[in-house]
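Q: Taken in order, these protein sequences are the chains called A and B. Numbering-wise (numbering that gives the first Met the number 0), the first sequence opens with residue 0 and increments by one. Numbering-wise (numbering that gives the first Met the number 0), the second sequence opens with residue 0 and increments by one.
No lab work stands behind these hints: they were computed from the structure. Heads up, some of the hints might be wrong.
In this list, chains with the same sequence are indistinguishable; a pair is considered to hold if it fits within one copy or across any two.
Unchecked claim - Quick list of in silico lysine-lysine cross-link-like pairs, PhoX-like style, CA-CA up to 20 Å:
| id | residue 1 | residue 2 |
| --- | --- | --- |
| 1 | LYS336 | LYS384 |
| 2 | LYS245 | LYS427 |
| 3 | LYS96 | LYS143 |
| 4 | LYS245 | LYS384 |
| 5 | LYS96 | LYS384 |
| 6 | LYS119 | LYS336 |
| 7 | LYS158 | LYS55 |
| 8 | LYS396 | LYS245 |
| 9 | LYS55 | LYS220 |
| 10 | LYS37 | LYS220 |
| 11 | LYS96 | LYS113 |
| 12 | LYS30 | LYS220 |
| 13 | LYS78 | LYS220 |
| 14 | LYS113 | LYS143 |
| 15 | LYS143 | LYS176 |
The lines below spell out each chain.
Protein chains: 2
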Amino acid sequence: MQLIKYPAKDTWGELLQRPVMNLDEVENRVKPIMQAVKEQGDAAVKDFTQQFDQVKVDDLRVSNYEIQKAIEAVPEELKAAISNARNNIEKFHVVQKELVKKVETMPGVMCWRKSVPIDKVGLYIPGGTAPLFSSVLMLGIPAKLAGCQEIALCTPPDKNGKVNPAILFTADLVGIKNIYKCGGAQAIAAFTFGTESIPAVDKIFGPGNQYVTAAKQMATKYGVGIDMPAGPSEVAVLADSSANPKFVAADLLSQAEHGVDSQVIMVTNDALLAEATEKEVERQVGELPRRDIAKQALKNSKIILVDATDTAVELINQYAAEHLIIAMKNAEEIGEKITNAGSVFLGHYTPESAGDYASGTNHTLPTNGYARVYSGVSLDSYFKKITFQQISTEGLKQIGITIERMAAAEQLEAHKKAVSIRLEEIRKR
Amino acid sequence: MQLIKYPAKDTWGELLQRPVMNLDEVENRVKPIMQAVKEQGDAAVKDFTQQFDQVKVDDLRVSNYEIQKAIEAVPEELKAAISNARNNIEKFHVVQKELVKKVETMPGVMCWRKSVPIDKVGLYIPGGTAPLFSSVLMLGIPAKLAGCQEIALCTPPDKNGKVNPAILFTADLVGIKNIYKCGGAQAIAAFTFGTESIPAVDKIFGPGNQYVTAAKQMATKYGVGIDMPAGPSEVAVLADSSANPKFVAADLLSQAEHGVDSQVIMVTNDALLAEATEKEVERQVGELPRRDIAKQALKNSKIILVDATDTAVELINQYAAEHLIIAMKNAEEIGEKITNAGSVFLGHYTPESAGDYASGTNHTLPTNGYARVYSGVSLDSYFKKITFQQISTEGLKQIGITIERMAAAEQLEAHKKAVSIRLEEIRKR
Numbered sequence: 000m001q002l003i004k005y006p007a008k009d010t011w012g013e014l015l016q017r018p019v020m021n022l023d024e025v026e027n028r029v030k031p032i033m034q035a036v037k038e039q040g041d042a043a044v045k046d047f048t049q050q051f052d053q054v055k056v057d058d059l060r061v062s063n064y065e066i067q068k069a070i071e072a073v074p075e076e077l078k079a080a081i082s083n084a085r086n087n088i089e090k091f092h093v094v095q096k097e098l099v100k101k102v103e104t105m106p107g108v109m110c111w112r113k114s115v116p117i118d119k120v121g122l123y124i125p126g127g128t129a130p131l132f133s134s135v136l137m138l139g140i141p142a143k144l145a146g147c148q149e150i151a152l153c154t155p156p157d158k159n160g161k162v163n164p165a166i167l168f169t170a171d172l173v174g175i176k177n178i179y180k181c182g183g184a185q186a187i188a189a190f191t192f193g194t195e196s197i198p199a200v201d202k203i204f205g206p207g208n209q210y211v212t213a214a215k216q217m218a219t220k221y222g223v224g225i226d227m228p229a230g231p232s233e234v235a236v237l238a239d240s241s242a243n244p245k246f247v248a249a250d251l252l253s254q255a256e257h258g259v260d261s262q263v264i265m266v267t268n269d270a271l272l273a274e275a276t277e278k279e280v281e282r283q284v285g286e287l288p289r290r291d292i293a294k295q296a297l298k299n300s301k302i303i304l305v306d307a308t309d310t311a312v313e314l315i316n317q318y319a320a321e322h323l324i325i326a327m328k329n330a331e332e333i334g335e336k337i338t339n340a341g342s343v344f345l346g347h348y349t350p351e352s353a354g355d356y357a358s359g360t361n362h363t364l365p366t367n368g369y370a371r372v373y374s375g376v377s378l379d380s381y382f383k384k385i386t387f388q389q390i391s392t393e394g395l396k397q398i399g400i401t402i403e404r405m406a407a408a409e410q411l412e413a414h415k416k417a418v419s420i421r422l423e424e425i426r427k428r
Numbered sequence: 000m001q002l003i004k005y006p007a008k009d010t011w012g013e014l015l016q017r018p019v020m021n022l023d024e025v026e027n028r029v030k031p032i033m034q035a036v037k038e039q040g041d042a043a044v045k046d047f048t049q050q051f052d053q054v055k056v057d058d059l060r061v062s063n064y065e066i067q068k069a070i071e072a073v074p075e076e077l078k079a080a081i082s083n084a085r086n087n088i089e090k091f092h093v094v095q096k097e098l099v100k101k102v103e104t105m106p107g108v109m110c111w112r113k114s115v116p117i118d119k120v121g122l123y124i125p126g127g128t129a130p131l132f133s134s135v136l137m138l139g140i141p142a143k144l145a146g147c148q149e150i151a152l153c154t155p156p157d158k159n160g161k162v163n164p165a166i167l168f169t170a171d172l173v174g175i176k177n178i179y180k181c182g183g184a185q186a187i188a189a190f191t192f193g194t195e196s197i198p199a200v201d202k203i204f205g206p207g208n209q210y211v212t213a214a215k216q217m218a219t220k221y222g223v224g225i226d227m228p229a230g231p232s233e234v235a236v237l238a239d240s241s242a243n244p245k246f247v248a249a250d251l252l253s254q255a256e257h258g259v260d261s262q263v264i265m266v267t268n269d270a271l272l273a274e275a276t277e278k279e280v281e282r283q284v285g286e287l288p289r290r291d292i293a294k295q296a297l298k299n300s301k302i303i304l305v306d307a308t309d310t311a312v313e314l315i316n317q318y319a320a321e322h323l324i325i326a327m328k329n330a331e332e333i334g335e336k337i338t339n340a341g342s343v344f345l346g347h348y349t350p351e352s353a354g355d356y357a358s359g360t361n362h363t364l365p366t367n368g369y370a371r372v373y374s375g376v377s378l379d380s381y382f383k384k385i386t387f388q389q390i391s392t393e394g395l396k397q398i399g400i401t402i403e404r405m406a407a408a409e410q411l412e413a414h415k416k417a418v419s420i421r422l423e424e425i426r427k428r
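Using the sequences and the accompanying hints, generate a full structural model.
A: Written as structure tokens, this is what we have:
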């Protein structure tokens, strides 16, 4: 990690820059995949699966038998852990449901909005080296709580044509029945256009590599919604002299092990802590099975020493981290000052991995500075909020003249007339 | 309008298709505008203003003097109407603020989320034939209620270099101070990159023509958020024998006058009403100042006769209208069955224009079938929802093993270690 001391404010922009993602080349590779799946459906999906996952899949749909076998294969201890996490995630998300509040804005003018579930959602779960069954919880639980009618899940098969048992167990636990052996851009294409086996959906959720990300962006051009634009995962740690360098180092590494393009940043006003943490990172990284990945990620990563807490907070708000750990004595007070972040972890005993797996908050969060604008996945992500209004004849008499004057001033006479024609009818009575 | 009787279900998809928008050509014209504004700032904005709005603007920022003059120029009656609308819109939006709910998912594990305003927002208000000051209310009021720190407004000048007085009055009423004479794709480019006069923003809101729409889509590639993808405006009316054909015709026309690409659709199970409405539309359209526009729009528009109410509801949910008027006896009951719509207007005395201007609901709504996935603009659109968590040592002892097991199963040892290293420290005490 680079240690950067007291950077001038006009250098922050450059200092906090993310690795540039150039999706143009990726897009050029994804376009023909989208097109082929659109035109040839299952046949194209199977071809790409053979090409990219090196396995021939006869039936894209995971059978009940396979699900039952998988449930048997998952160790009881892991099942218990996943069930615990499920309970917490459910508890946190269920309170996010908005109740209908009717507002009478003028006598006889009632307005309200109602959360209505998105009908069909597609969840994408990456396979590869790490089977991310935790994402099945994070994406599947709110979909179920919202009441989405159709929930489909795509995940790539391994070289034997199997899906990881923990993924199937978790999907079953959450109540997802429609699971397909299909990964990468071809899975996103299948969700976008539908194939003989895989249903077209209204909105696609889930993490993935740059091909998946590019395909999701393309899907939006066909009217399909996506959870959010995605970039490499990242953590920032804001620490003061009360922080334990061992803990901070462990937190930085828990993000660095994700991928070679992950970014980790530490900001502190304590020079001794900065140096101690740097050493701890060096020491701990050697002990990790994924040390080669983590070491690569650390090359993009920085420890930034600043003069004061306020400076640190300002810098961290400018960065807009996906995950922000506040390892400070007065963590809660500092937390109040955070304006840009995906998820915030307060105090010395709140590691990011708690939120990644089991505390209850969602781990699908805005990366790449999008936390300035976007929120992480929540129950809201699975709803449209439809507004309703109902006006009585008395109400229209009250509000009519206001509408007529505004419509006339905007030179939209037909808008005015839709009111006038009703007021005339009311007067006639 | 075409009258279509009892269409078979397998023809609905085609029947309900929106006019295809091909943004590729538009994109090619917008790209160099974005690039020029990025590189040359104000100078480029002024050049494009001369080119597209046929006026030379010296100072892009609207002066206080101009604002005061505009306030004086707006008739008192219109001021009163706009103020009424403001009050209603405020009443409806203020209750959308979500309170913080802390959830203790396990003993010692506290999770919550907090709404934090997006720092900088840019509002785009089209000029041209109709000065859409109502959009200043719809976009500005929730921005103010949310507490966005910087609110900038761009709107094109007329041929004399002036902004419509009603737009300036409304902006002042809402509390927007930073107003710029700048329209079209160059305004969106200015919001995206910032210029000497116009600030870069985090999120862009507002309607516009296809150049504005294409520019907003491009802005998202630079990490700027947008309110939603936009298409031509549309209304659907669901009517039964209790409906008044005059009212229904007036509602259809209030949408048709928006633009030649607007779509209006009526669905009913009453053959007599269908015919009577068709005639009324013919009669009323002749009386409109914007009849040429409305007549064009009616060419894309349809009256669809179906056999039963359930069929009508199913068809209307498939269409996912931006605006849906339910002109039926049991409007509220039918409203409960609506799963896809931007905003719903219930009963015979609730014209769409009420919601367009003054009832309180927002008029910035998903078009082009996006109502299947997207919600209209609301207070939420101006917030990020940041999740927080705080775990006590007792809490970590409770939840630790769950996280460790899940991290190990996902082969992410550093995630596990961030917990283990803390549990060791707790045990040592």
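Q: Now look at each hint and say whether the structure bears it out.
A: Structure-based check of all given hints:
no.: 1; hint: LYS336 <-> LYS384; result: between (30 Å within a copy, 14 Å between copies)
no.: 2; hint: LYS245 <-> LYS427; result: between (81 Å within a copy, 15 Å between copies)
no.: 3; hint: LYS96 <-> LYS143; result: within (12 Å within a copy, 25 Å between copies)
no.: 4; hint: LYS245 <-> LYS384; result: neither (45 Å within a copy, 31 Å between copies)
no.: 5; hint: LYS96 <-> LYS384; result: both (11 Å within a copy, 14 Å between copies)
no.: 6; hint: LYS119 <-> LYS336; result: between (38 Å within a copy, 17 Å between copies)
no.: 7; hint: LYS158 <-> LYS55; result: within (9 Å within a copy, 65 Å between copies)
no.: 8; hint: LYS396 <-> LYS245; result: between (70 Å within a copy, 18 Å between copies)
no.: 9; hint: LYS55 <-> LYS220; result: neither (30 Å within a copy, 36 Å between copies)
no.: 10; hint: LYS37 <-> LYS220; result: within (14 Å within a copy, 25 Å between copies)
no.: 11; hint: LYS96 <-> LYS113; result: both (10 Å within a copy, 15 Å between copies)
no.: 12; hint: LYS30 <-> LYS220; result: both (12 Å within a copy, 17 Å between copies)
no.: 13; hint: LYS78 <-> LYS220; result: neither (39 Å within a copy, 41 Å between copies)
no.: 14; hint: LYS113 <-> LYS143; result: within (18 Å within a copy, 23 Å between copies)
no.: 15; hint: LYS143 <-> LYS176; result: within (12 Å within a copy, 45 Å between copies)
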